[in-house]
Amino acid sequence: MRGVKRKRKVCLSSDSQSTKLKQNFFNYNIKVNGKIVAVCKNTFKNFHGVTLARVLRLCKLLTARKTSKNFRGLNRSENAISGEVCSKIHRHILKYEVKNYGGQPKKYLDARLNVTLMQQPFLKEHAEVF
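Just so you know, we're using UniProt numbering here: the sequence shown kicks off at 1 and counts up by one.
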């Protein structure tokens, strides 16, 4: 969406007595088959699949000579577990005895174990975490 270009201030006059000063004038360009083509604002927004509000926001940023900020990934997930807690869980699982059946490189935990049976001793050991 680099096809918006700012132009100079333009004076629009509907009457000879009242002249309104338009703040900025923008050219909207798109690239078709390697050639830059000037288009209207509506065609520009439809071509890029964006809303009019986004085009106006980009024009406002362009007049202020700023770039848009990327806010993706700044919020922390509510159910994220810290690395310290993950390492404690991993060490707790490694305490359980594993068996190797049939000479295969896979190691198996006891079939009678489930998450609840493994969680109860973990919570007793690490009560300060939760």
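Keep in mind the hints are simulated off the structure, nothing from the lab.
Keep in mind that a hint or two might mislead.
[What the hints assert, rightly or not] In silico DSBU-like cross-links for lysine-lysine, where the CA-CA straight-line distance does not exceed 35 Å: (1) Lys107 <-> Lys88; (2) Lys35 <-> Lys66; (3) Lys69 <-> Lys31; (4) Lys45 <-> Lys66; (5) Lys88 <-> Lys41; (6) Lys69 <-> Lys95; (7) Lys106 <-> Lys95; (8) Lys124 <-> Lys107; (9) Lys45 <-> Lys60; (10) Lys60 <-> Lys31; (11) Lys124 <-> Lys95; (12) Lys106 <-> Lys88; (13) Lys66 <-> Lys88; (14) Lys99 <-> Lys124; (15) Lys41 <-> Lys31; (16) Lys41 <-> Lys69; (17) Lys35 <-> Lys60; (18) Lys45 <-> Lys69; (19) Lys106 <-> Lys124; (20) Lys88 <-> Lys35; (21) Lys88 <-> Lys99; (22) Lys35 <-> Lys45; (23) Lys88 <-> Lys31; (24) Lys107 <-> Lys69; (25) Lys107 <-> Lys95.
[Claimed, not checked] Restraint-style ranges between C-beta atoms, simulated for each label pair: (26) Val115 <-> Thr43: 55 to 63 Å; (27) Asn70 <-> Gly102: 20 to 28 Å; (28) Ala127 <-> Arg57: 34 to 42 Å; (29) Leu56 <-> His92: 26 to 34 Å; (30) Lys88 <-> Thr43: 40 to 48 Å; (31) Val50 <-> Leu109: 48 to 56 Å.
For every residue, glycine included, the Cβ atom is placed at its ideal position computed from N, Cα and C.
Hint check results:
{"no.": "1", "hint": "Lys107 <-> Lys88", "result": "20 Å, holds"}
{"no.": "2", "hint": "Lys35 <-> Lys66", "result": "27 Å, holds"}
{"no.": "3", "hint": "Lys69 <-> Lys31", "result": "25 Å, holds"}
{"no.": "4", "hint": "Lys45 <-> Lys66", "result": "20 Å, holds"}
{"no.": "5", "hint": "Lys88 <-> Lys41", "result": "57 Å, violated"}
{"no.": "6", "hint": "Lys69 <-> Lys95", "result": "47 Å, violated"}
{"no.": "7", "hint": "Lys106 <-> Lys95", "result": "17 Å, holds"}
{"no.": "8", "hint": "Lys124 <-> Lys107", "result": "26 Å, holds"}
{"no.": "9", "hint": "Lys45 <-> Lys60", "result": "15 Å, holds"}
{"no.": "10", "hint": "Lys60 <-> Lys31", "result": "22 Å, holds"}
{"no.": "11", "hint": "Lys124 <-> Lys95", "result": "15 Å, holds"}
{"no.": "12", "hint": "Lys106 <-> Lys88", "result": "23 Å, holds"}
{"no.": "13", "hint": "Lys66 <-> Lys88", "result": "45 Å, violated"}
{"no.": "14", "hint": "Lys99 <-> Lys124", "result": "26 Å, holds"}
{"no.": "15", "hint": "Lys41 <-> Lys31", "result": "14 Å, holds"}
{"no.": "16", "hint": "Lys41 <-> Lys69", "result": "23 Å, holds"}
{"no.": "17", "hint": "Lys35 <-> Lys60", "result": "26 Å, holds"}
{"no.": "18", "hint": "Lys45 <-> Lys69", "result": "20 Å, holds"}
{"no.": "19", "hint": "Lys106 <-> Lys124", "result": "30 Å, holds"}
{"no.": "20", "hint": "Lys88 <-> Lys35", "result": "59 Å, violated"}
{"no.": "21", "hint": "Lys88 <-> Lys99", "result": "22 Å, holds"}
{"no.": "22", "hint": "Lys35 <-> Lys45", "result": "18 Å, holds"}
{"no.": "23", "hint": "Lys88 <-> Lys31", "result": "55 Å, violated"}
{"no.": "24", "hint": "Lys107 <-> Lys69", "result": "48 Å, violated"}
{"no.": "25", "hint": "Lys107 <-> Lys95", "result": "13 Å, holds"}
{"no.": "26", "hint": "Val115 <-> Thr43: 55 to 63 Å", "result": "57 Å, holds"}
{"no.": "27", "hint": "Asn70 <-> Gly102: 20 to 28 Å", "result": "52 Å, violated"}
{"no.": "28", "hint": "Ala127 <-> Arg57: 34 to 42 Å", "result": "50 Å, violated"}
{"no.": "29", "hint": "Leu56 <-> His92: 26 to 34 Å", "result": "55 Å, violated"}
{"no.": "30", "hint": "Lys88 <-> Thr43: 40 to 48 Å", "result": "58 Å, violated"}
{"no.": "31", "hint": "Val50 <-> Leu109: 48 to 56 Å", "result": "52 Å, holds"}
Checked against the numbered hints above, the structure violates hints 5, 6, 13, 20, 23, 24, 27, 28, 29 and 30; every other hint is satisfied.
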